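Engineer: Residues per chain, in single letters:
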Amino acid sequence: MHIGRSLRSKEAPRHVSGRGRFVDDLVLPRMLHACILRSPYAHARILGVQGQAAAALPGVKGVLTPDEVRELSKPFKPGRYASGLRVPIPEYSGAVGKVRYVGEPVAMVAADTRARAEDAIGAIDVDYEVLPASSTIAAASEPTAASIYEELGSNVAWEGHVSYGDVDGAFKRAHSIVRERLTIHRYSSTPLEPFACVVHRTPELLTIWCNSQSPDVIYEAITEALGIDAVRVIVPDVGGGFGQKIHLIRKYAVMTALMAVKTGRPVKWIEDRSEHMMAGGHSCEQEFNVEAAVARDGEVLGIKIQDTDDVGGSISTLTIHFTNKLNNLFNTYKVQHLRLEGRSVLTNKCPVVPNRGIGKPGMCFVWERIMDRIAQELSLDPIAVRRRNLIEVSDFPYTTPNGNIYGSGDYHALLDKVLKNVDYGDVRRRQAESRQKGVVGPLIGIGVVIGVEPGGRNAARDMAIFPQSKQMPGAGGVEGATIKLEKNGSVVFTLGSPSCGQSHETTACQIIADVLGAGPERIALASTFDSARSPWGVSASNSGNNFHLYDVGAVHGAATRLREKVIVLAAHLLQADKSAVQIENGVVSAGDRSMSFAELGKIAYGNQAMLPKGFEGGLEATYYHSHPHADPLMLPDMQGRVRAQYTFSSAAHAAVVEVDRETGRVRVVRYVIVSDNGTLINPSVVDGQIYGSAAHGISVALGEGFVYGQDGQLQTLTLLDYGKSTTLETPHIEIEHFPVPDPFTTLGQKAAGEGAAIPSPAAIASAVEDALRPFGVTVRDLPLTPERVWRMMHGSERVRA
Amino acid sequence: MKHTVDLTVNGEACSETVEARTLLVHLLRDQLGLTGTHVGCVVGECGACSVLVDGKLVKSCLMLAVQADGRDVTTIEGLSGGAALHPVQEAFVQRFALQCGFCTPGFVMAAHALLCANPDPTEAEIRQVLSSNLCMCTGYVQIVEAVKEAAARLRSCT
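These protein sequences, in sequence, are chains A and B. Mapping to our numbering: the first sequence position 780 is 780, numbers consecutive. If you want our numbering, it's the 1-based position in the second sequence plus 801.
Hints in this document: simulated from the structure, not taken from any laboratory. Quantities reported herein were computed from a predicted structural model and do not represent experimental measurements. Mixed in with the good hints, there may be bad ones.
To be verified - Below, in silico cross-link-like pairs of lysine to aspartate or glutamate (EDC-like), each with a Cα-Cα straight-line distance of 20 Å or less:
| # | chain 1 | residue 1 | chain 2 | residue 2 |
| --- | --- | --- | --- | --- |
| 1 | A | K484 | A | E620 |
| 2 | B | K803 | A | D112 |
| 3 | A | K420 | A | D381 |
| 4 | A | K334 | A | E392 |
| 5 | B | K803 | A | E118 |
| 6 | A | K98 | A | E68 |
| 7 | B | K803 | B | E817 |
| 8 | A | K334 | A | D297 |
| 9 | A | K484 | A | E564 |
| 10 | B | K803 | A | D119 |
| 11 | B | K949 | A | E734 |
| 12 | A | K10 | B | E891 |
| 13 | A | K10 | B | E878 |
| 14 | A | K437 | A | D660 |
| 15 | A | K487 | A | E599 |
| 16 | A | K334 | A | D166 |
| 17 | A | K172 | A | E291 |
| 18 | A | K487 | A | E521 |
What the hints assert, rightly or not - Computed footprint of chain A on chain B, listed as stretches where at least three residues anywhere in the stretch have a Cβ under 8 Å from a Cβ of chain A:
| # | region |
| --- | --- |
| 19 | 835 to 846 |
| 20 | 867 to 878 |
| 21 | 900 to 911 |
| 22 | 935 to 948 |
Think of the CB as a built atom: it goes at the ideal place given N, C-alpha and C, for glycine as much as any other residue.
Working from the sequences, and respecting the hints, build out all of it.
Structural biologist: So this is what it looks like as structure tokens:
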């Protein structure tokens, strides 16, 4: 068996040797290098762009101005995340008429070298009329604020709500109402490889090599914008995605394609780090007003949440953070009555995109902060309040009030184990001792939280918010895999989605090895994603935690099909009954007769005389997987209930922190996770996903993030200023696996990708608040930078409840 | 104005013509085709472009190509010296110390330089030295384990 063990990585040998192949490694004959002129202003009207001087510089082969973008391309159709717009607004790849954030692309230059293209950027003359900028939700919401889109009349671009159960009734029954206001700042997942595109245009075909997580987005963007049907999207190795490389990257794919069309030559465009920081996409800054109706024993009877999202200067992802909250409305809790109101406010900041966990960390933060607040206000134990509200083992499979089906889990066991592993009692004893000592030494705190990790996207989710949406965004999920037993006995396969470093080749290889009976050393990925060759469907995206559900299901299905075919051929050749044929390590056998895969391959492709009558030559199988339990509620019902995602991993996190009294600096002393990701296919790969996503969430909670000035200028243009954690700030992370197989997936697997980024900000907040208990302060806002923590200790920032 | 740079890269003598402003990383990638050295930030913060210059760890985005004149450069492609994998590379594979692989060549070079200087580092020493490099995928846990593993392998070789 190869499933369940940490098979040696298939991808790692090439990467440790520098043999990875990323977009920037690609060189084509006569290829030009493009560079983008970006807006230096947060808000301005473009009165004119003069490119002639730049075009005349040595080596420059093309300049693309906003007028040409408008002439040569069509605007993007409003996607599912712009369905809530009051009026349709065209959006082009580059800025046309106005710039709405610092770094918005205005013009592009292509030259024979990158350096010459960069030189020429400075020679483009842009006449701007600078407009007042709004850099906060409050400023943008003022009636006097300058309109970011005049068509909308107000910067509050969308308002809506979802409601499940009898919320008013729950509040009438309540013993008390617990209220809180919470905020989460802007951050990103900062993949180390920025955006990259190479476009080659011939009269027959436009080929783009692009490090997109969602090649379907690129495919559709180029088809729509350029009116070209023959588009081929190739995704080679991708240097990290995390959601960053789904949406805004299409703007640059289209601009690069336009430049290739204009110059008639292949064009490469590689984003640089500061460009990515200012314009590659951020997570939303989110404000929550929360009211929980609570019984005396801590039971949450109902909850009302007002969510205001700062969506930056674009309408294209207007509701993306809001609708993603549907995936995690209830966390691990059995609460039946909920109302969530949303507001999307435009600001003159970078547009928003998904990143690890989008929307779900916010909901987990809301739930886990309010649990701590309920415990505090009712003088109950915070763990006990959580336990009072958990979905019980006997409740599974459990349907949440908004229609998500949690297949399996044991949330009490996760809490039991995490408390044991972190030595909860011992930490409390040491904390009590140190508090008795008074004002020396660091302040010790512990936070214990719990959360779910939704996996496997349902493309129809957003229709629950926008039932009027005329453009059906697709529904459910479809994704393929192809496996071929070659003439020489080796096995190659193709997946329907790209990989961004989550060991998809290794994981798929383990499944094929077990199902088909091939040795894993003879199995390899035939090529990375290529729209001309990959069996792709609506789920062809390295996002939504899709791989475990769709790709694993497709690989398993294709391997099962191919196995059946191998058995038919082998039974014929070995003169045995099909039921007597065994396959192991690339050898088929029946009794004392056997043949290798290579011998089978030679016959299957080369010798019709030896094939069974009616047998289709070759040994290849393709299978498209859809989740068999996508229904009920694949399409939203009249109550807005929909299966937003299909599997629900879960985890309990415990953080032990020490806060320095002098500086406010938080050190994470221990970070302990107990995680249920269902059946583990490769435990070390799953560990890696958990370590990475936990480290990101911890870094977010403790300070990484974007800072804007009042003028809308981004002040964190480098990774150092942005505050990305290194080996020094990142704690050692301890994991225990507690897998409860999912009853509805192919192998009992659940998602493992962004999971630990969801509860970790809440865990750190809870631990820091606990450490600061002697000061009587409440943690409401992230990030917990040393300055903010110091101010909390010294009573100068929102310190009293 | 163009300059001629004579240097040794992975044991091979090269003579290249560069602009004064050309960075070492761009000479390696664009002129010599050694694309294993990556550009993640181009301002010396991420370490993806780390190489050895005369045996010392250098971020090749912070060195001009002309400064490499007369020097001996080792990139990730030259680390194993013809063997399948160098012990540091093998440890990174074994310990799942990478995901997307973009930062990996830089981390391998940095870990190699660390172990040359300190064959038996503590975890704190490993974390101190490797704070020169950034990884967005792994949370560093398996990277630190790989460096410990590589140290043990290298010590057992000598």
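Engineer: Would you list, in rising numerical order, the hints stated earlier that this structure does not obey?
Structural biologist: Going through the list in order, the structure violates no hint and respects every one.
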